[in-house]
Amino acid sequence: MAYNELIKNFGRIRDYMREFYVYGFKSRCDYDAKSARSYDNERRRIESFMGEYMDFQRTENGKIVFISVDCRSIPHNPLYKAFKAACFTNNDITLHFCILDILAGQTAMPLKEIADAINDDYLAFFEADHTIDESTIRKKLKEYENEGILESEKQGNKLYYRRADSVDTDIDSWKDALAFFSETDPLGVIGSFIIDDAGGVPEYFSFKHSYLLHALDSEILCVLADAVMHERIAEIKVRGQNSNHVNTHNVVPLKFYISTQTGRQYLCSYDLRFKRPLFFRLDLITAVTTGGRASDVEKHLAELEEFSSHIWGTSNGRFENSELEHLEMTLKIDENESYIIDRLLREKRGGRVTKVSDDIWKYEIDVFDASEMLPWIRTFTGRIAGLSCSNKNITATFYDDLEAMQEIYKEVQNDI
Amino acid sequence: MIFNEIYGTYYKVVAEIIDEALNGTLNEKRLDEIVSARAFSESILTIPDALKNGTWPLIDKNMQTPIRHSPSRPLTLLQKRWLKSLLTDPRISLFAPSCAGLEDIEPLLPSDRVVYFDAYTDGDPYGSPEYIDIFRTILKALHDHRKLMIRFKGHNKQGHSWICIPYKLEYSAKDDKFRLITAHMPHVQIINLARIDSCELLDSFDADSFDIPQAEKCTIIAELTDERNALARAMLHFSDLEKETVKISDSKYKVTLTYDRGDETEILIRVLSFGPMIKVLSPQPFIDLIKERLNLQENFCC
Chain A
0 MAYNELIKNF GRIRDYMREF YVYGFKSRCD YDAKSARSYD NERRRIESFM GEYMDFQRTE
60 NGKIVFISVD CRSIPHNPLY KAFKAACFTN NDITLHFCIL DILAGQTAMP LKEIADAIND
120 DYLAFFEADH TIDESTIRKK LKEYENEGIL ESEKQGNKLY YRRADSVDTD IDSWKDALAF
180 FSETDPLGVI GSFIIDDAGG VPEYFSFKHS YLLHALDSEI LCVLADAVMH ERIAEIKVRG
240 QNSNHVNTHN VVPLKFYIST QTGRQYLCSY DLRFKRPLFF RLDLITAVTT GGRASDVEKH
300 LAELEEFSSH IWGTSNGRFE NSELEHLEMT LKIDENESYI IDRLLREKRG GRVTKVSDDI
360 WKYEIDVFDA SEMLPWIRTF TGRIAGLSCS NKNITATFYD DLEAMQEIYK EVQNDI
Chain B
0 MIFNEIYGTY YKVVAEIIDE ALNGTLNEKR LDEIVSARAF SESILTIPDA LKNGTWPLID
60 KNMQTPIRHS PSRPLTLLQK RWLKSLLTDP RISLFAPSCA GLEDIEPLLP SDRVVYFDAY
120 TDGDPYGSPE YIDIFRTILK ALHDHRKLMI RFKGHNKQGH SWICIPYKLE YSAKDDKFRL
180 ITAHMPHVQI INLARIDSCE LLDSFDADSF DIPQAEKCTI IAELTDERNA LARAMLHFSD
240 LEKETVKISD SKYKVTLTYD RGDETEILIR VLSFGPMIKV LSPQPFIDLI KERLNLQENF
300 CC
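So the sequences go chain by chain: A and B.
Under numbering that gives the first Met the number 0, the final residue of the first sequence carries the number 415; numbering is consecutive throughout.
Under numbering that gives the first Met the number 0, the final residue of the second sequence carries the number 301; numbering is consecutive throughout.
Treat the hints loosely; a few may be bogus.
Here are the in silico distance ranges between beta carbons for each label pair [stated by the list, open to error]: (1) 302(A) <-> 218(B): 27 to 35 angstroms; (2) 240(A) <-> 155(B): 44 to 52 angstroms; (3) 284(B) <-> 354(A): 27 to 35 angstroms.
Straight-line alpha carbon distances no greater than 27 angstroms define the calculated BS3-like cross-link-like pairs of lysine-lysine that follow [stated by the list, open to error]: (4) 347(A) <-> 251(B); (5) 207(A) <-> 173(B); (6) 278(B) <-> 25(A); (7) 174(A) <-> 251(B); (8) 176(B) <-> 207(A); (9) 391(A) <-> 176(B); (10) 25(A) <-> 176(B); (11) 278(B) <-> 7(A).
Only part of the chain B face toward chain A is listed, based on derived beta-carbon distances under 7 angstroms [stated by the list, open to error]: (12) 145; (13) 150; (14) 288.
These aren't lab readings, by the way, just hints derived from the structure by calculation.
The beta carbon of each residue, even a glycine, is placed where N, CA and C say it ideally should be.
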């Protein structure tokens, strides 16, 4: 099939964009023979959308293509462009412009009149003999009604269609909000569509600690958000973290947990098989189907509230045993270092901070999985006067890592 | 559905071409120019031909169109639901958009169903009338290219006042804070909005004549060992920065990170959070900072 820069299968480009953006060290030969052709096409598409953000390096394994972006320096998430490249048929684009033109100015018309106008007034304008049948037009009208672009109203025995912009939103009043939320909201890509329609927005916002990758999971998030709103059960297909094995879960979607320090997004749900709250990474969800109405949503939300007061990130550790791990960390903080106390207070999550003596402060917490806390604990390296945890593996790992760091930096010194 | 051609670049570009045809100013050269400027880099191979050969019967060979009105599309339900969701976000009070047309629309995802679980808890006071007033004054200054007189308290609680050229309003989701980036000549100055006591609009400035503030960039080169899923975690964690990764062996990677000099301490603790999985190779002053922390820590180790 001839190459087309537009995208039919978003799932595939989602995977490649992630590879190029997050990792960026794989060459063509790191993909197997079957996917090498696919690699060529997807790379070409991504270069077509995002050429200005792409870079490459040559290694002994060949050319490596990657996306490198300093998020602080760009006003718009470039990954949104992938959502603006959906492929369509010749009839799709023709009907789009003809139908919206015919119904301009609050004209209401039934299918037959719309079809006649399309064929007699619009397509007859061209020399080529081109007509579009009524059933194709009916499907497009129905589709646009579902999208909220058209409204229909029964008059006599006929259904009349009109454009749905009778009471339209004052988008000018939204422009600053659009500029901000299109980059900070988890479904900001929708704002980006509105910005395109509005002909742009001011670019005086910039974004620090901005993780662009979430954009690629917008379709999955959108379907799950709808399930949350309408209290629907969802069947989700979840790929393994380190394998392509896919598991199916039936869940009640409850909330979304989002990391501001990695951009990773999680569905927080009640799993109907395991009968407990479970988190799923959105980037590992490959498909969602919504089903019947969920029961006991309020009860599950209350359970989640209790459960989430004892998680550091999104891991429930050995939740089956409901055993909480108690962790205590004491820090040496001098009198002129109140900013460290401020750090503890704003970063403590479910923990408690108490002053032990003039220069010693204690942090303690009870969580299902204290291993999630190790990266945060390490950020206090240099002032950790003591660390203890009911799970002895945590303290062992911390001190082993510390020893390993001291070794590797001795090596660095020796190297120099 | 988000992935839908109605939001696509091709539809936007064709709308612009039709508009040009309605104005009577479309010719082949102009058609190519619009496609080159507005669409993707390879769209020039598709769009002009599809229009000229009647595959998409919207423009004829004389560059005339049967379309009678300037193309437009009402907001879709998805777009309206997204806007409605924003009305549930506390930060919307900073903007005060019109809610007209959204009265009977249900939100797509209310903000109470989204948890930013690792965001810092001392975020800006979005409900404070004083804060909102300062935010809107700054937005106006940015919009109208006006200088600002800012009065604020420094870290030592001492009062300061500046006349500055506002450049950007920077937001960090992790800090949940806005910062104003100013060209306070001759230096770039960044100030947290929550520290500002008052600000006042002054005279306008010529936006084209002032130099855009440039932060000083630094680079570290590090070796990453892929144990305990460190590769995936680090690649994602540092993906907000300009970075380059090269595979050295099965489990070793060389990572180059570029950051603003003002963020050095933050980058230091982000690197420390990976423990021995990240070993910084250069520059030496950054390695010295790590060693300093390790030496201090050694005093506590049993």
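Hint-by-hint comparison with the structure:
no.	hint	result
1	302(A) <-> 218(B): 27 to 35 angstroms	47 angstroms, violated
2	240(A) <-> 155(B): 44 to 52 angstroms	47 angstroms, holds
3	284(B) <-> 354(A): 27 to 35 angstroms	34 angstroms, holds
4	347(A) <-> 251(B)	33 angstroms, violated
5	207(A) <-> 173(B)	8 angstroms, holds
6	278(B) <-> 25(A)	22 angstroms, holds
7	174(A) <-> 251(B)	46 angstroms, violated
8	176(B) <-> 207(A)	10 angstroms, holds
9	391(A) <-> 176(B)	37 angstroms, violated
10	25(A) <-> 176(B)	36 angstroms, violated
11	278(B) <-> 7(A)	42 angstroms, violated
12	145	12 angstroms, violated
13	150	21 angstroms, violated
14	288	10 angstroms, violated
The structure fails to meet hints 1, 4, 7, 9, 10, 11, 12, 13, 14 from the earlier list, while all remaining hints are met.
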